[in-house]
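Q: Now for the letters of each chain:
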Amino acid sequence: MSDVIWTGFASVLTFQALALNLFGVVVGIIFGVIPGLSAATAIALFLPITFGMEPVVAIALMMGLYIGASSGGFIAAILLNIPGKPSAVATTFDGYPLARDGQAGRALGASVVFSFIGGLISMFAMLFIAPPLSDLAMRFGPIEYFAATFAALMLLGSLTGDSLVKGLLAGLIGLMLALVGSAPIDYTPRFDFGLYQLSEGFPQLAVLVGMFAITEVVKAARRDPTEDAARPLEFRMRGFGISLKETIQQMPNAIRSSVIGIFIGILPALGGTAASLVAYTAAKNASKEPQKFGKGSMHGLVASETANNAVIGGDMIPLLTLGIPGDVVTALLLGALTLHGLTPGPLLLKTHGDLLYAIFAALMIANAMMLVVQFFGIRVFVKLLVIKKYYLFPIIVAMCAVGAYSANNVAFDVVVFGAFGVVGFLLSFTGFPFAPVIVGFILGPLLEINLRRGLMLTDGNFLAFFQSPIALVFFATAALLVGATVRYRRRLARAAVEGDSASRY
Amino acid sequence: MNALTHWKDVISALVLIVVSIAMFFASNGLEAKTRMDIGPDFMPKLVAVLTLALSVVLLVQGLRRNRALRAAGKLPGQAGVPRQGDFLERHADWLSLLLIVAYTFAFEPLGYLVATACYLFLQFTVMAKADERRYLPFAVVAVAVSALSYYVFLRLFYVFLPVGLLG
Numbered sequence: 001m002s003d004v005i006w007t008g009f010a011s012v013l014t015f016q017a018l019a020l021n022l023f024g025v026v027v028g029i030i031f032g033v034i035p036g037l038s039a040a041t042a043i044a045l046f047l048p049i050t051f052g053m054e055p056v057v058a059i060a061l062m063m064g065l066y067i068g069a070s071s072g073g074f075i076a077a078i079l080l081n082i083p084g085k086p087s088a089v090a091t092t093f094d095g096y097p098l099a100r101d102g103q104a105g106r107a108l109g110a111s112v113v114f115s116f117i118g119g120l121i122s123m124f125a126m127l128f129i130a131p132p133l134s135d136l137a138m139r140f141g142p143i144e145y146f147a148a149t150f151a152a153l154m155l156l157g158s159l160t161g162d163s164l165v166k167g168l169l170a171g172l173i174g175l176m177l178a179l180v181g182s183a184p185i186d187y188t189p190r191f192d193f194g195l196y197q198l199s200e201g202f203p204q205l206a207v208l209v210g211m212f213a214i215t216e217v218v219k220a221a222r223r224d225p226t227e228d229a230a231r232p233l234e235f236r237m238r239g240f241g242i243s244l245k246e247t248i249q250q251m252p253n254a255i256r257s258s259v260i261g262i263f264i265g266i267l268p269a270l271g272g273t274a275a276s277l278v279a280y281t282a283a284k285n286a287s288k289e290p291q292k293f294g295k296g297s298m299h300g301l302v303a304s305e306t307a308n309n310a311v312i313g314g315d316m317i318p319l320l321t322l323g324i325p326g327d328v329v330t331a332l333l334l335g336a337l338t339l340h341g342l343t344p345g346p347l348l349l350k351t352h353g354d355l356l357y358a359i360f361a362a363l364m365i366a367n368a369m370m371l372v373v374q375f376f377g378i379r380v381f382v383k384l385l386v387i388k389k390y391y392l393f394p395i396i397v398a399m400c401a402v403g404a405y406s407a408n409n410v411a412f413d414v415v416v417f418g419a420f421g422v423v424g425f426l427l428s429f430t431g432f433p434f435a436p437v438i439v440g441f442i443l444g445p446l447l448e449i450n451l452r453r454g455l456m457l458t459d460g461n462f463l464a465f466f467q468s469p470i471a472l473v474f475f476a477t478a479a480l481l482v483g484a485t486v487r488y489r490r491r492l493a494r495a496a497v498e499g500d501s502a503s504r505y
Numbered sequence: 506m507n508a509l510t511h512w513k514d515v516i517s518a519l520v521l522i523v524v525s526i527a528m529f530f531a532s533n534g535l536e537a538k539t540r541m542d543i544g545p546d547f548m549p550k551l552v553a554v555l556t557l558a559l560s561v562v563l564l565v566q567g568l569r570r571n572r573a574l575r576a577a578g579k580l581p582g583q584a585g586v587p588r589q590g591d592f593l594e595r596h597a598d599w600l601s602l603l604l605i606v607a608y609t610f611a612f613e614p615l616g617y618l619v620a621t622a623c624y625l626f627l628q629f630t631v632m633a634k635a636d637e638r639r640y641l642p643f644a645v646v647a648v649a650v651s652a653l654s655y656y657v658f659l660r661l662f663y664v665f666l667p668v669g670l671l672g
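The listed protein sequences correspond, in order, to chains Y and W. Quick note on numbering: our numbering labels position 45 of the first sequence as 45, and the sequence is numbered without any gaps. With the second sequence counted from 1, adding 505 to any position gets you our numbering.
Take every hint as true, because none was put in to throw you off.
Computed far set for chain Y versus chain W, every beta-carbon distance over 12 Å:
(1) LEU18
(2) VAL89
(3) ILE129
(4) LYS284
Some chain W residues flagged as far from chain Y (calculated, every beta-carbon gap over 10 Å):
(5) ASN533
(6) ALA644
(7) LEU670
One-sided excerpt, in silico: chain W residues whose CB lies under 8 Å from chain Y:
(8) LEU521
(9) MET528
(10) PRO545
(11) LEU555
(12) SER560
(13) LEU563
(14) LEU602
(15) GLU613
(16) GLN628
(17) ALA633
(18) VAL650
(19) VAL664
(20) PRO667
Since the hints were made in silico from the structure, they are not lab data. Backbone N, C-alpha and C fix where the C-beta goes; we use that ideal spot for every residue, glycine too.
Based on the sequences and whatever the hints tell you, model everything.
A: Given below as structure tokens:
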């Protein structure tokens, strides 16, 4: 195995790939630090400029952006008590108390170090879990593939957002959008509204960029007065701010949090936010001093920051082995790989065996660069917290419009970009989660092809789908997790009602 | 916040019900070029039926919740932070969306340079607070960014952006 890993590193160790990897990490961190910008926007913005690149170079850039953007969220969490990213919510619990206590440097240093460690452990997990899983996926027929896709969408719909019905409807809206354009298998034109530009369906990039970038800008335009008043706390940092001894003492916690992050990353729908919250709770339960959590416990901070970066490796596993993205970032990465002729799916690692190792190498190098860049640049990144958004955000919109245009060099795609900004705004205004829409849109064609092929195999008998043991496992897992979520939400709702009435009487 | 907040679920459910019914009937016109039992109309019909069913659930949930709220006397005059500031500040979100849509339509007819410079200037103005609005720097940055990005995209990435009015 070691020789293929070296081949992977060798493919990334070119000047161009390394330079773009570093560029990606720096830009990614900037997007991670500024509240309101996300990894998804960073990747969507730079996706178009990878068109002309070699696949490996494009991967180096994308992985740099992914790692960088996943690690910047803690700065706002610690110094402003605002989670820069949703996945940094649990970081605010102990990070901000630590900073108020004059230990901001220590908290920032520990976050950098443990983001690195969480990422590192998860990348090795990816390297060892993906190949056997890919062997298993090779045996998938249309029925199993349909079951896997369906389960992923069900999970996304039921676990994201705060209403089961709306989550599932969001997935269906995504599937509807995917129906536009020629039908798979027989190429019958469908729902193109008489526009020849839609005969291939909505342009993927324009849809994704429009929904993300525009919605983020429109949300930022409606400013939050509390955010304006926020001033980052002062901090002093010597070295990494955290001693080697303390780092070693935190390792059991870090390993537990990484394992949680990796598993949550593999499951579709649940991402860094859930991982950091679960790891935080696990660390609290395992701690001898649980009363310190929430008041500036290093254990809590380490758990949160390790877990939300450990999601990265886990997230990549279903993408590379099944071609199923579990969240928006991986959906965009899927788009990026497809543009370079690398169609993710069960065959990807068989036909492009070196790809896994190139991705592994790109992630490892980006992770190391993240450590170095954060170490030397943290003072600069902190200044980004008070950047003037009214200059930055509009420029991002214009660059995204160019991106949407350059995919096919047609102005129609720019109009689609704007239209999906409106769609995204309406969805977020009415409280529909984004992730199921995006993943439904991307997976729609796959779901349809496999459903139709599967039904042809079974002469139109859907019940026969349950005779496949693998498919049954997927259906059962989806049903179990959806059932558990529904029960958990009922309990939360009941607790809220009881708490409400208790306070009133 | 306004009264619309409480009707979000009901309104979105109604819209989805209309869309799913329209989609179901539009799918009737789809015929496969080859004879197949499972044709191109299968998936749209399936999606339409599922959407219709879940939208009805959402509609009922929304109406029930509003009835409960009304019974508790909470529906009219909801609490919420009233929007502050001048006209641009109070409506910055809707105006931004409107500007972006206008920009995407102007992209080709006006050309990248003109459309982008105009969009950036107006968007800076809408996004900045009243005391941050400085029209001269906004204009300079808007023109500089569009010119520089045009040049970079053309020379570095070989993207030929629409020239429009300046063509």
